[in-house]
Amino acid sequence: MLKYTLKRLLYSVIILFFVMFIIYILMYNMPSGYIETKARELASRPGATKSYSQWLDDLNAQYGMDKGVVQGYLIWLKSAVRGDWGDSWAWTIPVTQEFHNTVWYSFILGLIAFVFEILIAIPLGIAAAKKQYSLLDYATTVFAMVCISMPTFFLATLLKYVFSVKLGWFDLSGMQGRDYINLSDFGKFLDVAKHFVLPSVTLIIISIGGLMRYTRTNMLEVLNADYIRTARAKGVPEKKVINYHAFRNTMIPLVTTLGGSLPGLFSGALITETQFAIRGIGYASYTSMTQADIPFIMFYLAFISILTLLGNLISDLLYGVVDPRVRLS
Amino acid sequence: MSEEKVLTQQPEAAEQKSEYLLEVTDLVKYFPIKSSFFKRTIGNVKAVDGVTFKIRRGETMGLVGESGCGKSTCGRTIMRLYEPTSGTVIFDGHDVSKMSTEEIRHMRPRMQMVFQDPYSSLSPRLPVGEIIGEAVREHNIVPKEEYDDYISRVMEVCGLPSYYKDRYPHEFSGGQRQRICIARSLALAPEFIVCDEPVSALDVSIQAQIINLLKDLQRDFGLTYLFISHDLSVVEHISNTVGVMYLGNMVEYAETEKIFSNPLNPYTKALFSAIPIPDPDAKINRIILKGSIPSPANPPRGCKFHTRCAECMEICKYARPEWTEVEEGHFCACHKYNSPEQNERANAVMENIKSTETAPVKEQEVL
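Line order of the protein sequences matches chains A and B. Numbered per our numbering, the first sequence spans residues 1 to 329. Numbered per our numbering, the second sequence spans residues 1 to 367.
Rather than coming from a laboratory, the hints here were simulated on the basis of the structure. Any given hint could be a false lead.
A few chain A positions that, by computed beta-carbon distances, are all more than 12 Å from chain B [what the hints assert, rightly or not]: (1) Thr-141; (2) Phe-170; (3) Thr-230.
Partner residues are not named here, just some residues of chain A that face chain B (Cβ under 10 Å, in silico) [to be verified]: (4) Asp-66; (5) Arg-229; (6) Arg-232; (7) Ala-233; (8) Lys-234; (9) Glu-238; (10) Arg-248.
The structure presented is a predicted model; accordingly, all values stated were derived computationally and were not measured. C-beta atoms are modelled at their ideal positions from N, C-alpha and C, and glycine is treated no differently.
One chain only, chain B, in its complex shape:
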């Protein structure tokens, strides 16, 4: 029913299956800051400030960045758990960002999410079988008489014995709980799963189990993942492509090998230099970033990273770098890789700001 409804809206887009399952264009999510008494909006936390990427069918894209850079917000906005401020999310030809609440509800089985904290994302009042099965019934994924077998099968695929069905979440360890979360999302037979730091809350031996489970499921069911993490070695292991975020912006995007062997953006370089090497004798040449991440409510002008960048140039303080394809399939936003035309444009922006700033009256406006 729902599928037909969605299909009739965009018939041409659905007919020709695009190579990409998910296309995110200029996604923006601002959280308004309200004044304490009158509840007027006095500013915005720019959690996601224009992010663009595509994910191929059956592939995994890793999304990395330090805490508070907007990775999770990005994932949740794609899922429409947050309303996007602007931008589009095209999922298999359907514009998710413009669907009504009812349409999005019918879309849910096709795109699922695994949350970061398996301790708080399972309702303590419901037995495991119900947690996994509730949405299966709700969306009529399988006929009624197969329902029970289906749940058992899903649980077994995720490494959970089916007799766990009647137990409650608090009886399980963190790793088992995360398996329940994965089984829960998998039970809806999705094509796309947003994994929002699915292993960050687990200890390392369990992390490996869960990562391998995710990889096996991808192989068996042809799933597509958006894998959000701050653990770079995990991302390197599981992803086909990697996007690096800083303060709400994507700063670099490329295939995993390319970005790990040849990071272009100074931020990516600093980030990757922090990957621990499991060898006590290894000399690591770490790039230490000065200061802490600026507030997303009041980000620096120009390149947002310029306050901490080791290779900061004059132009970085004024003009925002453009999102450019530096080599094939390798995108980066940094003035270091500007083409002559881009340099010209950026210089024009810089000159413009500099000239207005000399006039003291105008300065007020800039602030």
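Next comes chain A alone, as it looks inside the complex:
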């Protein structure tokens, strides 16, 4: 197992190297990048002493962008490996500082959505599978399809329209109300919690459909297996047949997919956070992206890549935890 893990880690490092290289090439060649915008701005200032192309050369040298794509990447890589990710151009603070400021909002949002997703989707999926082709089954199927096919921005707008505009229960966006500073500590907490309701609901609704269908499919497969018939013939109560025999076997694929999505809690929800102006990592990366902030984007995408590779590794290792057959061999 250890050897396998090490091998997988080594592969991950190689993949990471090339992924980051491709991203760097794309960022490097982005039209109207940060430096060009800045040079144009400086050159068109009243009383500007240098022309646009002069400013461009100056700034390129200052930001270290004049060394060509390969060398630029290697320089970035060298400092990144030492833990120095540079300063963000858009936020004008160290990249890691900006990351630290935003990631926990994303994590809390992701965690709430993750927990509710599991609590809602899995029992519904099991209930639907238990009574296949019943009214409940059809209702959940339709609901799941609606959830899956609903675009995030549309759902977010819809929720805002109903709950903010029409009912006036929540603020349209942002993380705090206008009286935030005057509130007590507990009041502040409630205020922020209230602002997190609609973003969480959005994330939950768009994610439960898939998990529900997945649970139902796996459960149906297991319920038709011979050993479920064996359990019934043994005279095991129906409840135990479902919870002990069937669900245990359904858990194998479920745990692997859910385990694989665990690192995703840190990656943020770009569209939802932008829609609701939650200053999470997704929102920060979106803002950086629009301003071609190479250090921050490189850091954020490196982070996402590492999480994805880690997620795959975790889900493969979890297989061994839940399935005794894999564990032993």
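For chain A, the structure is supplied; the task is to place chain B on it using the hints.
Chain B only, in chain A's frame:
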């Protein structure tokens, strides 16, 4: 507890112990065919279409027939793993077919089943000890402190060392898995076991081991078996009586020697002629059946076998043969062995259908 509940329901039946442990009467199991969109029932697959037999205590009845004739469905319906469409199953004086789900659950330890495929009938997530022992705990077969010893004993009786308890099913070969399945059912101390093709998935040398194990267990514990198989030589070896099924119906039933030495029904004759003889020089006079088995959703009118029967008569196409005792203990459903009265009845049915069929309007209804 459960036993008392069942007993109070039918006190007179339980008092006088019948010679037969299991009595199946006119058992019918239809599977509805649903239309794809509105889920209306548009037809029935007549998997078991009126089967009647009895099994004596401590004996084995073999149930044979080709694939898809309803043998397994019959076994599962007896066990109430499928709800019977109609008919009764009397087990030791209790009508199993009318019990509630809770009553049937308490009845389970007394009647058990061994399934065909030992690869898929064991939960891959549970260790062997748990597979065998779970229901023992559930039904309180033995006191808690004896539980562990009991499981070890059951395993050893079935030829499994007790240190296998903590292993998982995938670590075992097919034969060992089938032993686990048998140990599992035996652990509940049943009186009756439905063996649904317990050896079909195993290779021949293992088959013999399992068959001998089943025979030994029967001798030691006085078990009663319903042995479902399509392997006639195995059935001949293990059974006291044999029933032959074709397309959901029992076509012949008799003691093993009688039916093997003197098969009456043309289908039984054809079936038995297919038994391989382990002698390269032996000349086998096989009866080759034409065509394949008709669909149980739309079985032929009259005798269901008439489309393939070598000895088909005019009457077979119209009237269904009656279940008759041709000689003592030898039942058969075939017009060849009709008594004069039965012939009269069958002829009347035939004439009736023929006369209605000439009128074209009525024909629609028949179809």
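How the hints compare with the structure:
| no. | hint | in the structure |
| --- | --- | --- |
| 1 | Thr-141 | 14 Å, holds |
| 2 | Phe-170 | 42 Å, holds |
| 3 | Thr-230 | 5 Å, violated |
| 4 | Asp-66 | 61 Å, violated |
| 5 | Arg-229 | 6 Å, holds |
| 6 | Arg-232 | 6 Å, holds |
| 7 | Ala-233 | 5 Å, holds |
| 8 | Lys-234 | 4 Å, holds |
| 9 | Glu-238 | 8 Å, holds |
| 10 | Arg-248 | 5 Å, holds |
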